[in-house]
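When we follow this note's numbering, the leftmost residue of the sequence shown carries the number 1, and every step to the right adds one.
In short, the hints are calculated from the structure, not lab data. These figures come from a predicted structure and were not determined experimentally. One should not assume that every hint holds.
[Said to hold, decoys possible] Here are the simulated lysine to aspartate or glutamate pairs, DMTMM-like style, with alpha carbons at most 25 angstroms apart:
1. K123 with E80
2. K123 with D55
3. K48 with E80
4. K110 with D130
5. K123 with D65
6. K123 with D23
7. K110 with E97
8. K48 with D82
9. K123 with E97
10. K123 with E92
11. K110 with D82
12. K123 with D105
13. K110 with D65
14. K110 with D23
15. K110 with D49
16. K48 with E97
17. K48 with E103
18. K110 with E92
19. K48 with D65
20. K123 with E103
21. K48 with D23
22. K110 with E134
23. K48 with D105
24. K48 with D130
25. K48 with E121
26. K48 with E134
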Amino acid sequence: MTLRTWLLLAAGLAGGFVAACADPIVPLGPGNQRTVTNQPGLFRFQAKDLNNVIDDTSFTWVTADSQARILHHSLITHGEMDLHVLDANGVEVYSHEVSVVYETDTLTNKGAPGSWTVRFEIKAATGNIDVTLETP
């Protein structure tokens, strides 16, 4: 093949990759069936059918304990989702990036009881999010 043929082939492939990633970026919406359970000692966030979603959402969750159990059953096939948990003093007690199938049952670090912040940074994510925090 000539250099010109290689360049045309490379340009065609690059154009195909750009077109494949050109899905519109959308925030969380009603189509994502977002559900939140937020009561003292129990927090659960679910969002389904994400398709290139970008959003940054936070919740205040009250816990009387100094530590929380995190149950993570999420499937992110494209993009990523970062989960940050801050204690009542604003100290980060948990941080994790999810960019594939992810299931875990883990504990946060110990922190100050009271009003905690649970933050979801959703970055061009496709898939489902299902995260539960509860007192151990």
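Check the hint pairing K48 with D65 against an upper bound of 25 angstroms on the C-alpha distance. Roughly 30 angstroms separates the two Cα atoms, so the pair is violated.
Given the hint that K123 pairs with D23, does the C-alpha gap stay at or below 25 angstroms? Satisfied, since the Cα-Cα distance of roughly 13 angstroms is no more than 25 angstroms.
Are K48 and D105 close enough, with their CA atoms no more than 25 angstroms apart? Since the Cα atoms of K48 and D105 sit roughly 20 angstroms apart, the hinted pair holds (cutoff 25 angstroms).
Between K123 and D55, is the straight-line Cα distance small enough, at 25 angstroms or below? Status holds; Cα separation ~7 angstroms.
Given hint D105 paired with K123 - CA-CA distance at most 25 angstroms: Distance of about 23 angstroms is within 25 angstroms: holds.
Would you mind confirming whether the straight-line C-alpha gap from K123 to E80 stays at or under 25 angstroms? Holds, at about 5 angstroms.
Proposed proximity, E103 with K123 (alpha carbon, max 25 angstroms): 19 angstroms, holds
Next pair to validate is K110 with D82; report whether the Cα-Cα distance is within 25 angstroms. 20 angstroms, holds
Quick one, are K123 and E92 close enough, alpha carbons at most 25 angstroms? Holds. K123 to E92 sits at ~20 angstroms (cutoff 25 angstroms).
For the pair supplied as a hint, K110 and E97, confirm whether the alpha-carbon distance does not exceed 25 angstroms. Since the Cα atoms of K110 and E97 sit roughly 20 angstroms apart, the hinted pair holds (cutoff 25 angstroms).
Agreement of K110 and D23 with the hint, judged by alpha carbon distance not exceeding 25 angstroms: 40 angstroms, violated
For the pair supplied as a hint, K48 and E80, is the alpha-carbon distance within the 25 angstroms limit? 14 angstroms, holds
The structure fails to meet hints 5, 14, 15, 19 from the earlier list, while all remaining hints are met.
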